[in-house]
Amino acid sequence: MTAEQIIFLIVAGVTLASALLVVTTRNLVHAALWLVATLFGVAIIYAILNAGFIAVVQVVVYIGAIAILFIFAVMLTRRELRDNTPQLNRNWWSGALVAVLTFAGLASLLSRWSGFSKTAAALPSGFDAVAELGNQLVSPDAFVLPFEVASVLLLAAMVGAVYVAFTRK
Amino acid sequence: MIPLSWYLIFAAALFSVGLFGALSRKNAVAILLGIELMLNAINVNLVAFWRYGDVAVMAGQVFAVIVFAVAAAEVSVGLALVISVYRRRNTVIADELDMLKW
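Protein sequences appear in the order of chains A and B.
Following our numbering from start to finish, the first sequence increments by one per residue and tops out at 1396.
Following our numbering from start to finish, the second sequence increments by one per residue and tops out at 135.
Extracted from the complex, chain B is given alone in its bound form (with noise of 0.2 Å):
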């Protein structure tokens, strides 16, 4: 059998590398690449408790399920706000995008 130690290293690192997309990519995009990985090792984490504890209670998978939704939610709204802000200033950059109004 697996180890719980090992689910949890592998979403600690998941989370990790995800963590360093989102702080040091430029584009926003990328950016939001970052936010989906640390996420998904989330998730990984949730789901391994759910098989580690008592399986009889769902929440675990209940909760991975609720934040599938979440994900959903940020990647469409964030997309169609890097898509707005890109027609209206030709740029992803993050780094230029340094205006509340323009």
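For reference, chain A alone in the conformation it holds in the complex (with noise of 0.2 Å):
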């Protein structure tokens, strides 16, 4: 086993470990904390995966503006007490159920695919994974429409925010 697998193996432990933290912490502000170890551990992914853009882009925008804003929502909605009853529904066995059904549904879909067992070739030499993503984000010949739309959807997404959350006296 090399190197590289047995780091994979630790992180992703400890996100899934953290990943069962976040939906079954009953305060809540621990289970947000929690959502922040399993960002970071997915970014050490994106980092394993040569995509080091995605990996920075997660540490700052999923930790450092949805997690923190996760916070912040439950810090405005909570009320004393709360997190002292069981945090789950009456049907969380149900929904248990579901979940297990899910991982086996696609581990098996998964290990019947050709390409289940595929190993990664080594990047090209002199390949530049970031720039070739920003050539490629702006590139009318490539993703700039989807890149435009996503900004325009940032922006209808915070005028309604503001919009929904803003107190009318």
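Take every hint as true, because none was put in to throw you off.
Restraint-style ranges between C-beta atoms, simulated for each label pair:
hint, chain 1, residue 1, chain 2, residue 2, range
1, A, 1306, B, 90, 45 to 53 Å
2, B, 124, A, 1352, 56 to 64 Å
3, A, 1337, B, 114, 34 to 42 Å
4, B, 124, A, 1367, 43 to 51 Å
A partial selection of chain B residues facing chain A, derived with a Cβ cut-off under 10 Å:
hint, residue
5, 40
6, 51
7, 111
8, 117
Non-contacting residues of chain B with respect to chain A, defined by C-beta distances greater than 12 Å in every case (computed):
hint, residue
9, 132
10, 133
11, 134
I should point out that these hints are in silico values taken from the structure, not numbers from a laboratory.
Computed from a predicted model, the values in this text were never measured in an experiment.
Even for Gly, the Cβ is constructed at its ideal location relative to N, Cα and C.
Bring the two chains, given one by one in their own frames, into a single complex with the hints.
Below is the structure:
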């Protein structure tokens, strides 16, 4: 077993354990902090996959913005003594059943696929994934339209969020 | 080298954990936490398929960036709704939010 595989297994194990704590911890502030740990583990997975830009965006956007937004929302909507009551609804066992069946279905479907145990080819020498991603994101022949639509979507979401959360006096 | 299967199984497990959270949590904010886990699992798959396919085709990474933008939009609107509902109803428990208008 190579060092890369050992690192992957450790990171994946820690990430899955913190993901389980995100969905089971009673204290929601702690759940949001476990989400930060999970997102950081996923960022390390991106780094192992040679996707440096995605790893950095994961840290900046997910941990820096989304997780902090979650912590704000949890603290703004907290009530005392709610942390001591069960945080799972009455039908949590059917939710667990659906989740286990989804995992089993995905695993069996994937294991029958021919490319399942494919290994990655080495990156071509001189290949700069970040530069290539930047070029293709703004190239009219590639992905400039989805890129612009995403920025319009973010603007619309921002206006919508301000409108919905605005207090009318 | 790490085979592709490890990433796919990891992403499937992360997706299932997020699905359990989204289905079983009472608190609306916690449901959104579960949805974030599912979106992350999808991104792991997209980036893994980029790396194990033709790396010159950047569609996997571009799609991951678009998913980031959609996740940011979803979470900002979702949390704004949760806060707005909390101001009016003083609760964020999904079971108690069963009226369209009050």
